[in-house]
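Go by the hints and put chain B onto chain A.
Chains A and B, in that order, are what the protein sequence lines are. Take 1 as the starting number for the first sequence in the numbering used here and just add one per residue. Take 570 as the starting number for the second sequence in the numbering used here and just add one per residue.
If you are wondering where the hints come from, they were derived from the structure by calculation, not from laboratory data.
Computed list of lysine to aspartate or glutamate pairs in EDC-like fashion (alpha-carbon distance at most 20 Å, straight line):
| hint | chain 1 | residue 1 | chain 2 | residue 2 |
| --- | --- | --- | --- | --- |
| 1 | A | Lys410 | A | Asp386 |
| 2 | A | Lys549 | B | Asp741 |
| 3 | B | Lys684 | B | Glu644 |
| 4 | A | Lys444 | A | Asp530 |
| 5 | A | Lys395 | B | Glu668 |
| 6 | A | Lys395 | B | Asp660 |
| 7 | A | Lys549 | B | Glu644 |
| 8 | A | Lys390 | B | Asp660 |
| 9 | A | Lys549 | A | Asp530 |
| 10 | B | Lys672 | B | Asp660 |
| 11 | A | Lys395 | B | Asp670 |
| 12 | A | Lys223 | B | Glu595 |
| 13 | A | Lys549 | B | Asp670 |
Pulled a few chain A residues facing chain B out of the computed Cβ check, cut under 7 Å:
| hint | residue |
| --- | --- |
| 14 | Val48 |
| 15 | Leu52 |
| 16 | Phe80 |
| 17 | Leu232 |
| 18 | Met239 |
Not close to chain A: a few residues of chain B, all C-beta gaps over 10 Å, as computed:
| hint | residue |
| --- | --- |
| 19 | Arg634 |
| 20 | Ala650 |
| 21 | Leu673 |
| 22 | Leu685 |
| 23 | Cys697 |
| 24 | Glu702 |
| 25 | Glu705 |
| 26 | Lys707 |
| 27 | Cys712 |
| 28 | Thr718 |
| 29 | Gly726 |
| 30 | Glu739 |
| 31 | Glu749 |
| 32 | Gly754 |
| 33 | Pro756 |
Note that the structure is predicted; figures quoted are calculated from it, not measured. Ideal placement from N, C-alpha and C gives every residue a C-beta, glycine not left out.
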Amino acid sequence: MAMLDWLEARTGIKTALGHALNEEVAGGARLRYVFGSVLTYLFMQQVVLGILLAFYYSPSASDAWASTAYLNDQVSAGWFLRGLHHHGSSAMVVVVILHMLQVVWAGAYRAPREVNWWTGLAMGGLVLAFALTGYLLPWDQKGYWATQVATGIMGSVPGGEPMQQALQGGPQYGNLTITRFYALHVFVLPISLTLLLVGHLALFRRHGVTPPAGLSDAELKRKAQPFWPDQLFLDVLAMAVCGAALVGLTYQTHGAELFAPADPASNFVARPEWYFLFLYQLLKYFEGPLQIIATVLLPGAVAVMLFALPWIDRGKTRKAKDRWVALSIVGLLMAGVTALTGIAMAEDAANESYQHGLEVAEKESKQARELALLGVPAAGGVAVFDNDPKNQTRKLFKEHCGTCHTIEGKGGSEAPSFVDYGGKAWLTALIRNPADKRFYGGTKAHKTMEPLTVEAVSDAELAAVVEYVRSLGGPELGTTDAGLVAQGKELWAGKLECSSCHEIEAGKDSTGPTLAGRGTAAWIARIIQDSSAKDLYGDTAEMPKFAGKLSPAEIEALAQYVAEQRPRE
Amino acid sequence: MRSSDERDPPEGGEAHDLQDRSHGTESASRRGLLKAGIGVLGCGLAAIPAVPAIGYVLYPLGGARVAGAFLPVGERGQFSATPVRVDLHADRVDAWSRERDVKLGSCWVVEQDGKLQAFSTACPHLGCAVDYEPGEGKFKCPCHRSAFTAKGEVEAGPSPRPMDTLEIEEKDGLVAIRFERFRQGVPHKEPV
Chain A
1 MAMLDWLEAR TGIKTALGHA LNEEVAGGAR LRYVFGSVLT YLFMQQVVLG
51 ILLAFYYSPS ASDAWASTAY LNDQVSAGWF LRGLHHHGSS AMVVVVILHM
101 LQVVWAGAYR APREVNWWTG LAMGGLVLAF ALTGYLLPWD QKGYWATQVA
151 TGIMGSVPGG EPMQQALQGG PQYGNLTITR FYALHVFVLP ISLTLLLVGH
201 LALFRRHGVT PPAGLSDAEL KRKAQPFWPD QLFLDVLAMA VCGAALVGLT
251 YQTHGAELFA PADPASNFVA RPEWYFLFLY QLLKYFEGPL QIIATVLLPG
301 AVAVMLFALP WIDRGKTRKA KDRWVALSIV GLLMAGVTAL TGIAMAEDAA
351 NESYQHGLEV AEKESKQARE LALLGVPAAG GVAVFDNDPK NQTRKLFKEH
401 CGTCHTIEGK GGSEAPSFVD YGGKAWLTAL IRNPADKRFY GGTKAHKTME
451 PLTVEAVSDA ELAAVVEYVR SLGGPELGTT DAGLVAQGKE LWAGKLECSS
501 CHEIEAGKDS TGPTLAGRGT AAWIARIIQD SSAKDLYGDT AEMPKFAGKL
551 SPAEIEALAQ YVAEQRPRE
Chain B
570 MRSSDERDPP EGGEAHDLQD RSHGTESASR RGLLKAGIGV LGCGLAAIPA
620 VPAIGYVLYP LGGARVAGAF LPVGERGQFS ATPVRVDLHA DRVDAWSRER
670 DVKLGSCWVV EQDGKLQAFS TACPHLGCAV DYEPGEGKFK CPCHRSAFTA
720 KGEVEAGPSP RPMDTLEIEE KDGLVAIRFE RFRQGVPHKE PV
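Here chain A stands alone, though its shape is the one from the complex (with noise of 0.2 Å):
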């Protein structure tokens, strides 16, 4: 107590804490007033929060998305803090809706509170404003598809252009729309509504709450109760309840989503954050150049009816009865942006595509995450990709074998393409014409196979060929018909004199490549390692040996790789 004297002498600041909570509540505490205090004290913690999570995330299109996934899936708590901040700004929309539908009630916006009204309307936006900027700054597809969506609105409206150029900062999105985003969210916005907030409590301590309109001023004095502790406890009480919940959501839901780095190139289904989903619904009923009445007049409108109520408000008295214009506008107001949500919800839940997007989303969100424990490349966003084993051989098959082998629709011709390779449809039509571009066309000494002519061997026959020829492969190339496998072998010796040319037991010197195990990984990765060995192609090779330039997992995995192009038969 000497200390808290001595500090008092120097500064005053007993008196200082004394003045904010000696206040007079007229007519006593009461619940219907805590709604202030807890967005108060949602937004000091979302302040907070945001400092922490400031600790780890780093603005940029490469870190963003790496940033965000370290401190969410690695950094002790992370996730927890992360989901609070986010759940945190879904409480606040919830809690500034209570707030502003008390005061509508109360008839707290009328004379002399009008200035209280605005600055709160002003400060309601704002809240929106911090949910739209946050919810880009994670880089994630969600983020960014549904942001681009509120920018491009943006953009569509006459002169909204250069304001979408400005905010993005340029034509498209980049580092330079998650630096702006970014300060705007973490310092244009927080000091906008901390001085807002000042205000607004100034404006409250000098008009005093709106006590409920049946009470006398003898009442309202008979009744009174000072703020402190009365109805702070009340406030600190409603404070605790919020925090308890948000806190059992966040373990609920374990924390926020954080989707797949954002990917320019897909389409994800966009939809944004819920209290935004009226909106977004209500742009489904104005197409073409109607959108702009949903997009900004009816909006608009709204605003203005807002701001205006305090005139619109007719009434003599603050009682309900008198003023039923004001009460029934807002509350049509509320009954239609529950409805717009209520429809946009149970539409998407009947969405199938939709549904199958969410499902596909969450897929890659889960990979990518795991993907990213091991570090994300250094390009950051979706190279987060190429941690994935099967990327990087993709990436070595284009290096080493790209430019003459085409595989998944991209490539060369110079050699076998190896699109279906290996499946019935792939051999039938090699058996039938190998001098075809998509098989060994493109070569310069692999024309010694004729080509087979429909007179010289027929469909059907051909077709007891191939499942012969794939028996040979082993079991690893699927289940094969007996009866089929036993005419294709008579055909292979006798008529078509497949025989003179290849042999069909490993190791076996001849002319065209032995078909035993053919088409599996190992046959794959031994063609890949040295394909002019006697019991391969021999002196016809073409194709480059890999063995010593490639380590041996390499040409395994490059093996395996081609041989999963065989489709499932």
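For chain B alone, coordinates are given in the frame of chain A:
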């Protein structure tokens, strides 16, 4: 027209009267309870972000140290009794990002009594890069004049300990070294 709620702000000192007006000790003890409640709930609310924040801001300090892998530096034949400086490259994960094939540091590799030995180029004194003087057959630090014998022992200058050896491995004629850094300025070699 003024409606009932349009009051002037409360006069200073009026709040003080409120306490006196209320019902004496019963009310005083009730308010004492409320104040305690505010204190308890307030602390609880502050704890929601504050408690997890402690471990959060300190991450990843105190985590288990992971020994680095052996990094290939060349073939056995490249090295002899004359020290050769080699760079050690590996993938490096810096918090969330991974860089491929980054130069982690370098070391001197020298053959002694038929066996290879690797010395970190970081001077144990304050971490400057130690050079080899072929004419004198000594390692010398350019910053504070520490000098070491070809075996890495301190010969002169402020270095508190011999040059730091690194683990070295020979397999199939290939040499690999495990890169580590050590605390500077202390007499004992301590990994950091």
